[in-house]
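Peer 1: Keeping their order, the protein sequence lines are chains A and B.
Here the first sequence is numbered in this note's numbering, starting from 139 and rising by one per residue.
Here the second sequence is numbered in this note's numbering, starting from 139 and rising by one per residue.
Among the clues, some could well be false.
Any copy, or any two copies together, can satisfy a pair, since identical chains are not distinguished.
What the hints assert, rightly or not - Below, in silico cross-link-like pairs of lysine to any residue (SDA-like), each with a Cα-Cα straight-line distance of 25 Å or less:
1. K349 x W484
2. K206 x P313
3. K326 x P273
4. K176 x K569
5. K176 x E228
6. K176 x D323
Keep in mind that the hints were calculated from the coordinates and are not lab data.
Protein chains: 2
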Amino acid sequence: MTTTDNRKMLIGMQLGNGYGAQVTAWRHPSVDVENYAKLDAHVRYAQKAERGKFQFLFFPDSPNQTQKHPADAPQMTLDPLITMAAIARETTHIGMATTASTSWNEPYNLARQLKTLDMMSGGRIGWNAVTGSDPMGAANFGQEVADSAQRYQRLHEFVQITQALWGSWEEDAWPPQRETGVFADLNKVRPINLRGQHVASRGPLPIPPSKQGQPVIFQAGGSPNGVEVAARHANVVIGAAFTKEDAKAQRDRLRNAAAEAGRDPDEIKFIAGLMPTVAPTVRQALDRRGFFVEPHIRQRVSYLGMMLGTTLSEQDLDSTLEGRNLRANPSDPRSQRALELAQEGWTVRDILYHGIIDFHPSPIGPAEVVADHMQEWFEFGACDGFWVSPSLYEEDIDIFVDQVVPLLQERGQFHADYEADTSRGHLGIGKQYGLDPRLQ
Amino acid sequence: MTTTDNRKMLIGMQLGNGYGAQVTAWRHPSVDVENYAKLDAHVRYAQKAERGKFQFLFFPDSPNQTQKHPADAPQMTLDPLITMAAIARETTHIGMATTASTSWNEPYNLARQLKTLDMMSGGRIGWNAVTGSDPMGAANFGQEVADSAQRYQRLHEFVQITQALWGSWEEDAWPPQRETGVFADLNKVRPINLRGQHVASRGPLPIPPSKQGQPVIFQAGGSPNGVEVAARHANVVIGAAFTKEDAKAQRDRLRNAAAEAGRDPDEIKFIAGLMPTVAPTVRQALDRRGFFVEPHIRQRVSYLGMMLGTTLSEQDLDSTLEGRNLRANPSDPRSQRALELAQEGWTVRDILYHGIIDFHPSPIGPAEVVADHMQEWFEFGACDGFWVSPSLYEEDIDIFVDQVVPLLQERGQFHADYEADTSRGHLGIGKQYGLDPRLQ
Ligand SMILES: Cc1cc2nc3c(=O)[nH]c(=O)nc-3n(C[C@H](O)[C@H](O)[C@H](O)COP(=O)(O)O)c2cc1C
Ligand SMILES: Cc1cc2nc3c(=O)[nH]c(=O)nc-3n(C[C@H](O)[C@H](O)[C@H](O)COP(=O)(O)O)c2cc1C
């Protein structure tokens with residue numbers, strides 16, 4: 139597969155707390171420790187991503203941000219909908235998708251906030267609809283986590299009610315007509331009267347169509363129920379995979395499921411996770427990444443032993459693993475890469491500095507290493523693009539934008555500039571206003 | 139009573155849809171009809187109020203904004219929390235209080251959004267905690283309205299859980315300590331584990347103290363249960379009264395109830411509603427106001443007849459009511475004022491142009507008329523200040539700021555400039571962080 143088909147990758151950026159995707163980023167000397175609660179920082183990071191022509195920002199979220207270790211900052215902190223409102227007014231093109239749970243919200247409230255954001259941003263909003271499966275999150279609502287079938291049934295109902303509310307103001311009832319004195323034709327802003335097993339709403343939601351009509355649905359997950367709802371409702375799937383083969387299998391599964399649900403598979407984009415570190419040399423990149431690994435290196439060293447079928451402790455940190463009888467532990471998909479690094483002769487510390495125990499693949503080294511990884515996956519058909527989690531927003535976004543983005547552009551892998559100014563436009567997906575007509 | 143005690147009035151401004159407090163304001167030639175959904179307009183209005191040194195903006199809200207008449211714009215439209223986020227970043231001093239219902243939200247979600255706003259605004263946020271008593275609003279959540287006792291019990295639990303969440307990050311656990319590597323002491327960001335009959339939350343909410351600690355509680359209502367919760371929790375009561383005697387009675391009742399609940403009565407401010415219209419002459423002011431009355435004048439003329447104990451129809455619009463046997467209908471507190479206007483010899487149309495059928499007193503004429511009304515009420519002890527509902531934001535805020543505010547300042551009734559930059563500072567109320575210690 140070549141890129142002569144002119145297909146270009148999409149790039150999104152994870153934006154969580156005010157420091158970086160690494161929970162120890164707050165300790166970096168470049169950081170104002172109070173950025174945790176300063177929207178100025180979030181806005182600045184968003185502007186950097188927009189300078190890089192990224193298609194979207196992605197806000198992970200969960201109602202359980204309890205800090206687990208004294209050295210760590212919670213991953214997400216301030217409310218992401220409020221954060222997006224600030225960013226929307228201080229950017230012009232970049233899309234923004236936030237995670238919000240269908241278990242701990244009401245469709246009317248969430249539909250209203252998301253549509254408000256979509257209006258004010260000129261059609262740049264997406265919603266990552268997840269169920270929320272964390273008991274500590276549930277406890278913030280005095281509840282317990284329901285089983286998967288119940289959670290996803292509620293999600294399915296919730297998404298449909300939300301979309302119906304979004305479409306409850308008919309498009310041609312806007313704008314108001316001063317000449318006739320009719321603000322909106324009452325027959326065109328109508329109740330939806332939907333009631334499911336879990337959620338219900340009467341409507342209407344009195345918000346007119348946005349520049350893109352209504353927000354785009356994202357989904358994150360991969361469990362069978364997750365794939366099913368994504369295939370029916372989502373235009374973007376925020377994914378996680380450690381090999382391009384696994385990513386391709388996930389992407390193919392999604393595309394097939396979408397086709398089975400009667401949709402064009404190109405209407406659903408599978409976006410793979412990426413945690414790159416860029417520096418002029420591999421050694422410098424390792425030391426850059428190592429800063430964030432160090433505070434937790436003791437716990438990680440024993441886990442690495444488990445991944446490699448050996449026993450490791452702090453004393454081994456500066457040794458290589460030559461002569462040991464190693465095997466990749468099949469219960470952790472990152473073990474194979476750890477084994478390769480061990481076989482290349484890296485010390486235990488440097489294996490860990492490679493970001494081997496992290497949520498996503500971590501290409502590390504000069505910009506070419508990162509661009510090569512992305513191009514390889516993309517041309518393999520592993521994904522439609524990447525969501526990048528910069529370790530340290532304050533520095534790593536600029537480095538990626540100044541060094542990796544131009545390479546991808548030169549290679550024809552990534553667009554040279556925004557072709558649109560709405561999320562639907564960036565993603566190249568069709569229009570949808572209100573409920574999906576196939577579901578009505 | 140004189141103002142030699144140096145007590146000064148507070149001024150707040152109602153901010154709803156993008157046009158004005160009159161539902162017909164959208165038709166005014168000065169208005170961009172698309173302001174309904176343009177935050178630029180809301181931000182501009184907020185900046186005008188800040189220029190006038192107003193202490194706060196007040197966002198009424200309800201989940202039932204169904205348009206009732208083709209000529210009317212819904213009163214509030216875009217989500218107020220999202221709107222406040224935009225305004226917070228483009229103003230520096232003015233406080234902002236939004237209404238949010240305790241029946242159709244979850245404490246954790248609302249606590250998080252409000253505290254996020256309080257952080258990002260530098261401590262300028264207030265929350266008008268209402269139960270929500272509208273069946274059409276309830277239907278947007280597939281529910282019915284509970285009885286008053288249940289609604290207010292939920293509100294009482296909700297406010298306490300919210301405040302406990304706000305205080306769940308101990309003040310001295312902020313800011314993060316780069317030197318020691320401790321982001322926050324885990325013993326100082328702790329669960330709250332509160333469970334009531336209606337709502338519950340585990341916590342903690344991982345948001346540090348804002349510049350004012352946490353948001354201020356507002357309340358709106360006046361029913362016995364409403365007064366009780368206000369007396370326990372609120373620092374500001376958004377009120378409605380048509381005579382200064384009634385306002386004073388309401389204020390005294392609140393102050394007594396606060397004292398009975400063990401609080402200093404000066405910690406609770408009663409804010410009276412006001413819908414002024416200012417123009418160089420009374421005639422010009424009437425015509426200004428009349429623009430907004432005209433679209434509904436037919437319905438109003440018959441209602442005015444009911445208020446005056448007579449029968450009125452469209453044919454009577456340009457007649458005076460001389461010779462009729464009139465009496466003020468005691469079931470509507472505005473009838474007395476309507477009777478006075480009839481006795482002064484105004485035509486039916488002009489009586490209606492006085493804004494007689496409106497939510498609040500409507501002083502109308504040159505700026506002195508409005509300033510006199512405000513001073514008279516304030517010196518009578520009727521209120522601690524006013525919340526002004528400008529008919530037409532695009533013009534009426536500036537007129538009030540340029541003409542009424544300087545008069546009140548000259549008379550020593552209103553402050554010359556902000557003395558503080560937080561809501562607690564503007565209101566002159568004490569600190570509270572977490573739950574009220576008297577309730578713990
Ligand atoms: C890449 C990725 C990102 C995710 N982001 C979130 C998130 O931000 N918030 C959340 O509550 N869950 C998130 N999830 C969890 C999923 O929504 C889902 O709960 C999880 O995959 C478990 O599957 P299940 O809920 O179907 O059992 C994410 C999952 C993946 C794979
Ligand atoms: C001045 C004023 C403003 C109010 N603003 C709101 C509002 O914005 N949203 C709302 O749902 N209710 C609002 N209310 C309604 C009250 O919260 C309350 O529901 C009403 O007074 C009826 O009393 P009850 O609910 O105790 O029966 C307001 C009431 C008053 C007097």
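Peer 1: If a hint holds in the structure, say so; if it doesn't, say that too.
Peer 2: Hints versus structure:
1. In this homomeric assembly, K349 and W484 never come within 25 Å of each other (Cα to Cα): the closest approach is 52 Å inside a single copy and 49 Å across copies.
2. With identical chains, the CA atoms of K206 and P313 are at most 25 Å apart between copies only, with a shortest distance of 17 Å across copies and 50 Å within one.
3. For the homomeric pair K326 and P273, the shortest alpha-carbon distance between copies (22 Å) is at most 25 Å, but the shortest distance inside one copy (42 Å) is not.
4. Within a single copy, K176 and K569 get their C-alpha atoms only as close as 36 Å, which misses the 25 Å cut-off; across copies the closest is 22 Å, which meets it.
5. Taking CA atoms no more than 25 Å apart as the test, K176 paired with E228 passes in both settings, with 15 Å inside one copy and 15 Å between copies.
6. Proximity of K176 and D323 under a CA criterion of 25 Å is satisfied inter-copy only: 20 Å between copies versus 43 Å inside one chain copy.
In summary, the one numbered hint that this structure violates is 1.
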